[in-house]
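Engineer: Sequence:
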Amino acid sequence: MKKTKTNTDRKYLPTLADLIDALSIDQIKEIKLDNKQSYALEIKKISYDIDMLISQKQIKLSAKLIRMIIVIAQMNLFIWNNKDKMQEDPKHYNDLLKMAHQLNGIRNRIKNLILEQSDEVEPSKKRTNVETDDFKGWEISIE
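Heads up, the sequence shown is in the working numbering, so the first residue is 855 and it goes up one at a time.
Simulated from the structure, these hints should not be mistaken for lab results.
The reader is advised that the hints may include incorrect statements.
What the hints assert, rightly or not - Distance condition first, Cα-Cα at most 25 Å in a straight line; then the derived DSS-like pairs of lysine-lysine:
id	residue 1	residue 2
1	K952	K939
2	K898	K911
3	K898	K886
To be verified - Beta-carbon label-pair distances, calculated as ranges:
id	residue 1	residue 2	range
4	D905	E884	17 to 25 Å
5	Y947	M906	18 to 26 Å
6	K945	A917	39 to 47 Å
7	K890	K939	19 to 27 Å
8	Q928	M906	19 to 27 Å
We treat Cβ as the ideally placed atom computed from N, Cα and C, and that holds for glycine.
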C-alpha cells in the first residue's frame with residue numbers, strides 16, 4: 855500500500871511571507887483581470903495554507919504583522935500599476951522600471967520581516983534584492 859503524503863513529506867513549502875505575497879497579487883488579479891472565479895479559487899487555497907501555517911506555528915496576530923501585510927499589498931498594487939504605466943508610456947519606461955525595482959526592494963524587506971515573525975528565517979528563504987537606491991518618500995516605519 856502506498857503511503858499518503860503529508861506536508862512533512864514535501865521538500866519545499868512556500869513561507870508565510872510568500873503566501874501573503876501571492877494572496878495579495880491574486881487579489882489584485884481578481885479585481886483587475888477576467889477569470890475572477892479562477893483567482894477566487896486560488897485565493898481560497900492560499901488562504902487555507904495561510905490558516906494552516908498560522909495554526910501550526912502558533913503565529914500571533916499583532917499590529918506589526920497587520921502593517922507588514924498591508925505594506926506588501928500596497929507595494930504589489932503600486933508595482934502592478936507601475937507596470938501598466940510602463941506599457942502605456944514607453945518614453946518613461948526606464949524611470950518606471952527603476953521605481954518598480956525600488957518598490958520591490960521595500961516589498962522584499964517586509965517579506966524578510968515576516969520570515970522573522972513566522973520563525974522561518976533561513977538563508978535560502980531570505981530575499982536578497984532589498985535595495986531601494988535612496989528611494990525618497992517611501993520609508994516604512996515597521997522595523
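Engineer: Among all the numbered hints in the text so far, which are the ones the structure does not match?
Structural biologist: Number 5 only.
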